[in-house]
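Novice: So the sequence lines, in the order shown, correspond to chains A and B. Its first residue numbered 487, the first sequence is counted upward by one per residue in the working numbering. Its first residue numbered -5, the second sequence is counted upward by one per residue in the working numbering.
Hints are supplied without guarantee of correctness; some may be wrong.
Calculated cross-link-like contacts (lysine-lysine; reagent style PhoX-like; alpha-carbon spacing at most 25 Å) [said to hold, decoys possible]: (1) 590(A) with 687(A); (2) 657(A) with 406(B); (3) 362(B) with 153(B); (4) 745(A) with 520(A); (5) 434(B) with 520(A); (6) 598(A) with 568(A); (7) 571(A) with 721(A); (8) 434(B) with 521(A); (9) 745(A) with 534(A); (10) 362(B) with 381(B); (11) 511(A) with 534(A); (12) 473(B) with 534(A); (13) 521(A) with 687(A); (14) 422(B) with 521(A); (15) 534(A) with 434(B); (16) 534(A) with 437(B); (17) 437(B) with 520(A); (18) 437(B) with 511(A); (19) 434(B) with 657(A); (20) 521(A) with 437(B); (21) 511(A) with 410(B); (22) 331(B) with 171(B); (23) 706(A) with 568(A); (24) 280(B) with 410(B); (25) 740(A) with 521(A); (26) 437(B) with 740(A).
Because the hints were derived from the structure by calculation, they are not lab data.
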Amino acid sequence: MRITQTMLQNNMLKNLYSSQAQMNKYITQINTGKKISRPSDDPVIVMKGMGYRTEVTEVEQYRRNTSEIWNWMDHTDDALDKATKAMQRIEELAVQAANDTNDKDEREAIAKEVEQLQRQLVEIANTNVNGKYIFNGTDTNVKPVEVDAEGNIVVTDTDGRNQDVNIEVSKGITFDVNMDPDKMFNKELFTNMSDFISALKSDDPNQQDEMNRALENLRKGMTDIVNTRAELGAKMNRLELIEDRLSHQEIIAKDTMMKNEGVDFEEAVMNLLTQEVIHRAALSAGSKIIQPSLVDFLR
Amino acid sequence: MSTFQGLELAKKALYAQQGALYTTGHNIANVNTTGYSRQRVNFETTSPFPMPSRVMPTIAGQIGTGVEIGTVERVRDQFLDKQFRAENSRANYWSTKSEALSRMEEVLNEPSEDGLSAQMDLLWQALQDLADHPDNDGARSVAAQRALALTETFNHLSKSLQAIQGDLKEQIDVSTKNINSLLSQINGLNEQIQKIEPHGMLANDLYDERDRLMDQLSNYMNIKVDYTKSSDSSLQIADGLASIQLIDRSGQSFDPPIYLIDARDRDNVIVNEFELAYNDADNAEKGLVSTITVDGVDVLQNILSSEGTLSGLLESYGVVGGGENNLYPNMLNELNKMAKQFAEAFNTQHQAGIDANGEPGKAFFVTKDGSTDITAENITVLGEIVKDPTLIAASAVNGGSRNGDNALDLAKVFDKDIEGLDDTSVRKYFIALIGDLGVKGQKANTMKNSTDILKSQIENSRMSVTAVSLDEEISNLIKFQHAYNAAARSMTAIDELIDRVINQMGIVGR
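When you get a sec, could you build the whole thing from the sequences and use the hints?
Specialist: Shown next as structure tokens:
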């Protein structure tokens, strides 16, 4: 084949361009940390990558949701713990009061304490976290228990009181984060306490039956609270499992995403170095192209 | 034999070598001229003496009378030209397609942290947060703003794709103008050549120019070139008049053939220019190319079955009846479909919920211009909702006013199979769309690279034949210079002979 200077030059330029393009590819890979930068680089990787991205976003969001659930449950648990303690104290007092040996002053004192404990329970039932009443179903903006002007305790019975507050923890799996307030801080509980207080305050010394019934009822109220707490504990266990699974999922999803589109740095750097060597060689070969021609050797 | 024939012979030799020297100089001068093919002087011996005749002198054999320049010919292989043009058309077709697809990829910007897919994920997140905190106005605002951002992304994609489509239209217009200008230039050269060839000359430099223009024409489409003798008195090796046909990608002529320059009848050469028309009917294909006429015949389909920049541009911009092959209109349609179907599914879910004020949800996504059909271009979030995010219907109808169940259901719309999207979810539909684009882009890029390589290989073979090699020219220069010098010496020798006869003969004993 007859080779002319123009051909040499054209070929050299073409090869230099393609070598530059390769360098550009590897440098982009190293700079972005990604094997691909546009769909046509590898449609399969891109399609998978888009799916993985969504998955990572979802798992991250679900984890964020679980921390919100923890927020609810920890506060619920804390409130129920305090409620249990208050109830225990009331029970103690009820047992003490049921003892017939107390005189009026002593019963008065017990009544005062029970009153305070009742208020405390009202406050617990009105536990507010970040502006949300956690013991009022979906009506978190409404105070579940009110004390009216005469000191009567009124349970605000709104529509959403028994509704579950649902938070999604996995695709299609929702978690009801609140405990039904009617299971523990119900009307009965407060009425029983009020009955107990009025029995204590009564001048009639023969309140023994009343006292015993009150004790019975209060014990039932306490069992309700303890049972609710047990249910909460079970829920917490379930959430722990879910959270555990989510954190695994997050790692796996991120890992798969990286494996799918992430660049193998060692490989990319090696490729770049190899390409650099080739490029240098091409350049030095280029310098040879401007060869002396026959002219240089003629007079 | 004439006394002075020797002088004549030497003179002819001087002329011929000088002509060759000049031609060599011309070659060297044009070493960097695009489309130039090296020229070669064909020396021919002049008629020897004596010619056979009744009165011819009786001498032994014929004596040569010297040299003359028969023809100055360019060294070129028309077969390689044909191959080059076919590959050039292909390479240009694929590079146009690859360019159009890569611009589309740039606009869609996937995979990235701010493409449509990411915006959908962000809105999904905001809806999840809203489901967690339906009583939080901040979460509501975030959801409303992210929904707005999603619609703006749709708007942006639609506008950008349309802007590129506008560029493509301009390119089609400019290409058509270029093609017509090339045709008239080629025809101008045909006319000049027709004036030169009948005199028995070869219009080498005009041929080169005409070939260069035809190479350019092959950027736009597949062409076939036939030649017609320009006159009865033209040389056998003269190229003649070029007729140019539009042919399909496999190199076949159409039936009937489509002549862009018809020089089959040398006395009546016809140039048929392209005339472009756009569809101005107010339908789905409004604005697309409807016809391209050549000599009153619509050749749009013929151009599409040919390869080259023009068919690449037409496919990208879109032609009437192009269907799936219309790159940009198709992508715009798909985005419109996605926007519409997603918005409708979302609206249905939103209207099933109730907002923070206890009112049933309104249509969440609406059109900017009040038209009934939601498209990617006009989709937006209801203005009232953006102003007052309490209007987002986060609660399910049966729940309390602070229930976030409908927000959860809204988030689920992204994964819901929608009938209008081929029974797949909006996310999956978009991924499939991008995948399809990627596959098309990948094919175009691969084809571009391989056709480029083929083209440059053929270009190399062609240059191997036609390009000027300086070494060769220099050695020719020396060859011709020596021949010139020797011819001059031979003239000196004859001069001395004649000097001897004229000045020194017959003076014996003086």
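Novice: If a hint holds in the structure, say so; if it does not, say that too.
Specialist: Hint by hint, here is what the structure shows:
Using a Cα cut-off of 25 Å, the hinted pair residue 590(A) and residue 687(A) holds, with the two alpha carbons roughly 8 Å apart. About 9 Å separates the Cα atoms of residue 657(A) and residue 406(B), which keeps this hinted pair within 25 Å; it holds. In summary, the hint linking residue 362(B) to residue 153(B) is supported, as the alpha carbons are separated by about 14 Å, within the 25 Å threshold. The straight-line distance between the Cα atoms of residue 745(A) and residue 520(A) is roughly 10 Å, inside the 25 Å bound, and the hint therefore holds.
This hinted pair checks out: residue 434(B) and residue 520(A) have alpha carbons roughly 21 Å apart, not beyond 25 Å. Between residue 598(A) and residue 568(A), the direct Cα distance comes to roughly 19 Å. Compliance with the 25 Å bound is thereby established for this hinted pair. For a cut-off of 25 Å, the pair hint linking residue 571(A) to residue 721(A) stands: about 21 Å separates their Cα positions. About 19 Å separates the Cα atoms of residue 434(B) and residue 521(A), which keeps this hinted pair within 25 Å; it holds.
Of the pairs offered as hints, the one joining residue 745(A) and residue 534(A) holds, with about 11 Å between alpha carbons and a cut-off of 25 Å not exceeded. Only pairs whose Cα atoms come within 25 Å are accepted, and residue 362(B) paired with residue 381(B) is accepted, the gap being roughly 15 Å. The suggested pairing of residue 511(A) with residue 534(A) holds, with an alpha-carbon distance near 21 Å, which does not exceed 25 Å. Taken as a hint, the residue 473(B) and residue 534(A) pair is broken in the structure, with Cα atoms around 69 Å apart against an allowance of 25 Å.
Pair hint residue 521(A) plus residue 687(A) does not hold up; C-alpha atoms about 81 Å apart against a cutoff of 25 Å. The hinted pair formed by residue 422(B) and residue 521(A) meets the criterion: a straight-line CA distance of about 22 Å does not exceed 25 Å. Between residue 534(A) and residue 434(B) the CA atoms are separated by roughly 17 Å; this keeps the pair inside 25 Å, and the hint holds. This hinted pair checks out: residue 534(A) and residue 437(B) have alpha carbons roughly 19 Å apart, not beyond 25 Å.
For the given pair, residue 437(B) sits about 21 Å from residue 520(A) by alpha-carbon distance, which is consistent with the 25 Å threshold. A hinted pair counts as satisfied when its Cα atoms are at most 25 Å apart, and residue 437(B) with residue 511(A) qualifies at roughly 18 Å. Taking the CA atoms of residue 434(B) and residue 657(A), the gap is near 33 Å; set against the 25 Å cutoff, the hint is violated. Note on residue 521(A) and residue 437(B): the hinted pairing holds, with a Cα-Cα distance of about 18 Å set against a maximum of 25 Å.
Proximity of residue 511(A) to residue 410(B) is assessed by CA-CA distance (about 38 Å); at most 25 Å being required, the pair is judged violated. Between residue 331(B) and residue 171(B), the direct Cα distance comes to roughly 36 Å. Violation of the 25 Å bound is thereby established for this hinted pair. This hinted pair checks out: residue 706(A) and residue 568(A) have alpha carbons roughly 17 Å apart, not beyond 25 Å. Restraint check for residue 280(B) and residue 410(B): not satisfied, since their Cα atoms lie roughly 33 Å apart, outside the 25 Å limit.
The suggested pairing of residue 740(A) with residue 521(A) holds, with an alpha-carbon distance near 16 Å, which does not exceed 25 Å. Proximity of residue 437(B) to residue 740(A) is assessed by CA-CA distance (about 30 Å); at most 25 Å being required, the pair is judged violated.
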